[in-house]
Structure formats: structure tokens, C-alpha cells
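K.L.:
Residues per chain are reported as follows:
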Amino acid sequence: MAETIDIESRYAERSPRSISAGRVIVWIILLFVIVLTLFPVWWVIRTALSSSNLLFNDPKSLLPIGPTMQNFARVLGLMSVNQAIAAGGSGTTFNFLVALRNSFIVTGCILVGQLFFSALAAYAFARLRFRGRETVFFIFVTGLMVPGVVTLIPNFVLIHGLGWLNTFPGLIAPYFLMTPFAVFFLRQFMLGLPFELEEAAILDGASRFAIFIKVIIPLSQTALLTLAIVTFFQSWNNFLWPFLIGRSESVRVLTAALAIFQTQTPQGAPDWTGLMAGTALSMVPSILFLVFAGRRVVESLQFSGLK
Amino acid sequence: MRVRGRAEALTAWVFISASLLGFAVFYAIPAIRNIAISFTQWNMLSPAKPVGLKNYALLLGDGVFWHAFKITFFYVLYNIPLQTVVALFLAVMMDRFAGSIVIRGVLILPYLLPPVVVGLIWLWMLNPILGIVDAFLKAVGLPAQPFLGSTAQALPTIAGMNIWEYMGFTGILFYAGLQTIPTSLYEAAQLDGAGEWKMFWRVTLPLLRPVTAFVVITSVIGSFQVFDTIAVTTTGGPVNSTRVLVWYIYEQAFQQFKMGYGAAMATFLFVLLGIVALVQFRLFRTGSSELA
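Residue numbers (this note's numbering), protein chains in the order written: chain V, 45 to 351; chain E, 189 to 480.
Okay, chain V solo, but in the shape it has when bound:
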């Protein structure tokens, strides 16, 4: 908390009239923005906990109408199809449990691969001497400026050609070995590391790879954690690529599952309570991260923007 206090005291001396009318107005505006931010999230939870058949009775109710866990049971595939339809389901058998698992597989693989290979490359760019180093690094950095839509069609064609449509490798491959941002970010950090530990290890006869594992990685923990948080959310929230590559249910991730669930309504009216239960499930990691590592997340994202 020390840092927060610091920040708040930055201006403590600046205005002697600390409880002014202006201050009250500012607090009211901030409170309004906080309500505007949190209310929609509550609305999802409130709807997900409501009984589907009772939803029409009181659309304005701020609390769940006929509170129930049925919607979650339904979208997690813990009910039979007939039971689900009786509970207000659309009749599509949907299994968000599988989608949740798939999201974890895809995001987990991307995290491990991207961080490891990007850190290895970043170490070479930051510390090892070789001809062409600056040129190759510069070319990597230009990759930061290529908008995703430009590589979309060729990458789809490639994955299709490899026969990797509807497979985990197809979903993971483009993000597994690097992103220009990851290499750039880690290299900038590693440039600032002290040489002493590394030199001592070289004198001890350690190989470069051993140095990378035993010295550089532990020293880069903060940067790696920051990048891990940024990469986690990028991957977890990613939609267009998994929507194109992984439509079949066995590999479908949460974002794609939600979009497909939304369009498939055999029973006519959209299954709002089911959709909101699925939506609520996909919000869980974000909320957990904020509750248990809020400071870390906020500071990581703050930092990612300024680099």
C-alpha cells in the first residue's frame, strides 16, 4: 500500500482546501463511472442466476428472479437435453465445460511457448554478439506494425494447407514461437540487467543455455510475469482466429463457443439465461485475477502501454 499512499500524497500539500466542492463533484463522477463499469457485470450474474421462465415477469428486478443454478448446470452439460429444454434451454447441446477446458489448453500452451522462446531470443538480442543482430532485431520490431488483418488470410490458408483446421496446433501455432511485442519487451528489460552474475557464471564455465536458465530467467521474473499477464488476456480474449480455425466442438474455445451459442437458437427465442451463464463463466478468470492479483495486473498493463 506504500505506493498508493505516496501517489495520493503527491498532491496533498498542493491544495490546502482538501474537502472542497470540486472534490465532492469529482467523487460523484468517479462513483458514477464505477457503477457504470460494475453494473453490466452484475447484470450478467443476475440474469445467469434467474429462472428462464420467469425472466419476463420482472425485467427490471435488480436481483435474480427465482434464483437458480440451473442455467450453469445446463451450459456445463450437467443436464439431459430434455431437462435443459424444460429449464428454458434452446435445445442445442452445448458444453461450456469442454470450451473452458479448451480455453485453458490453448492459453496455457501459448503462454509457455511464447514466453520461453521469446525470452531465449530476447537474451540473444540483449547479450550475445553476432553479425546482423541489430538488423534482425529491427525487422522483428517492424512486425509490431503489421495489423492482424493483413496476415489473417495467408495464415488461414497455411493452417488449412497443413490440415490443422479444428486442431489445437492450428489454434496455437501463430502465437507459440513469438510475438514481436514479447521479444521487444523482454529484450528491453534484459538490456538493463547487471552483468556481474553472468560473468561469474561464465568464469565458472557455465554454458550460455545454463546461464539463461539459472541466471537470466530468475532475474527477469518481473518482466516475465508482466508479459505472462498481458499474453494470458490476449489469448483468453482472442476471438477471430479461434472462430476461423477452431469451430468444431472438440477444440472450440470459450469466445468462439459463446458466439456460436448466440447464433444457434432452435427453440426460437434466444436462451438469454443460458447465454449469460456462459458469459459469466468466461468472466471468471478476469475477475479472479483482479481480486487476487489486482495490483500486479493493473501495474503490468500500465507498464505494457508505456514501453
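Hints were generated in silico from the structure; no laboratory data involved. Keep in mind that a hint or two might mislead.
If you want a taste of the chain V side facing chain E, the calculated C-beta under 10 Å gives, among others [said to hold, decoys possible]:
{"no.": "1", "residue": "P84"}
{"no.": "2", "residue": "P191"}
{"no.": "3", "residue": "A272"}
{"no.": "4", "residue": "M320"}
This one's a predicted model, so the numbers in the text were calculated from it and none came from an experiment. Glycine included, each C-beta is placed from N, C-alpha and C at the ideal position.
Got chain V sorted already, so can you dock chain E onto it with the hints?
P.N.:
This is chain E only, laid out in the frame that chain V set:
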């Protein structure tokens, strides 16, 4: 010494090999291949047929494309200025009065949610029959609005959803930038008799320029590529009112399987974004800062 240097270079190439492969296969080659595909007619079933510049000629005469171009431009106009002003306002308020980690954490929450989820949340809240927003409007004596159901309101509504998603995050970026401005400058300004308003224009805004440049340039480029929220709400409709460029590219390439035409439009967008970025770099005179 020479042998050690060569060994070091070899090690370095081994270390960067994996990411070099990833860069070549998924960034460099596709960027060039996209242009190659744009010179062909190709549905991915039969072999690609070279057609020269025909796709670009088609594009120039395609009314839907130019409409998408116009719509995208309007979308950026609805989205960015308001989002930036609100974010800057939030950042200054947090910096001056309430920078606590809890407030920052709450404000960043929408940014951590998948854009697809943001689209679904608002699709439900704006539902014409059961939606809470219209219920609220009626409760305070205002007429209900069609929002996503009307050609006039759909695009601004999508922009509103994205402002909701990004204002907190953008605010946090501005906030981090504000932390780098030395307090002494404010003290000096105050001694000179400057009020809050004057300090904002004379101290805060000029010193924040590098951060503002970064924030505006990246969010404009992101905004030109809006897709996810449209995919789960309007899918380009009603009529053509939200058929933005990336949505149109998606339709042409992945629903109509006109890969060549889609690639031509992607190339067009690439060039357009390059120009937009360059213009903004000029406008913000990035690279120089008053603090340095």
C-alpha cells in the same frame, strides 16, 4: 578469442532460431503472401487463377466496399475522441484525488473481458423487450430507443460498447503517464498563481504528449479493425449500417470464399493504416518530449 566469438554467434543464432521461424512463418511471409493472393481469383477449392490487378479494379467500383470504408471512418470518429477525452478526464481525477489500486482495478475490468463478452453483455442489456437500458429510460421519463435495431443508432451504439470496454484501460495508461510528471512543476505553477484549469492546459497536457501519442495512435489503429463486438451483435446490419471494413473482409474471404478479393481489401487497409499512423506521428511530433 576469435573462436569464442564464433561460438557465441552460433549460440545466438540457435537461441533466436525458434522465434525467427515463428516470425517468418506467421508475420513476414504472410504479409507478402497477402499481396500475392490479392492478384489472384481463388476460392481455395480450385487452384488460384492469376488475375493481375482485377481485384483492385473491382474494389474501386464496389459500392459496398466504399460504404464500409465510410462506415469504418465514422466508427473511429464516434469511438476515439470521446474515449480519449473520458479516459484523460478519469486519469486526471485519479491522479489528483483518488489513485487507489481498487479504483484502478475496477476501471480496468471491462478491458480484461473478451470483446465478444462485452458485445453479448450489451446485446442483452439493450434488448428491445427485456433490456434494462430501455426500462431505465422509460423509468426516468425518456422514450425507449432502438439502439442496435436501427440503422441510425447501431454504429454509435457499437462505438459506445467499445468506449465502455476501453475507457478504463486508456485512463490507466494516461494515469501512468501522469505519474512521470514531476510534482515540482505543479508547485511552481501554483506559486505563479495558476489554477487547476490552467495547470491542466499548461503543464499536464504538454508533458503528457508522448503518452497521448501512443494511446491515440494505437487505439485509432485498433478501432479501424473493429470486429468482435460486431460479430456477436449486428453482424453488419441492420441493412449495411455496421458493415465495417474487417467485417466485409471476413464476409468476402470466409463466407463467400473470395480469398483474392479479401486479400486485396486487407492490403488496402494495410496501406490506409500506414498512412493514418504516419499522419498521426507527424501531428504528435513523437520522439521529442518537453521533459527531456
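K.L.:
Which numbered conditions among the earlier hints are violated in the structure presented, ordered from lowest to highest?
P.N.:
Hint 3 contradicted; others consistent.
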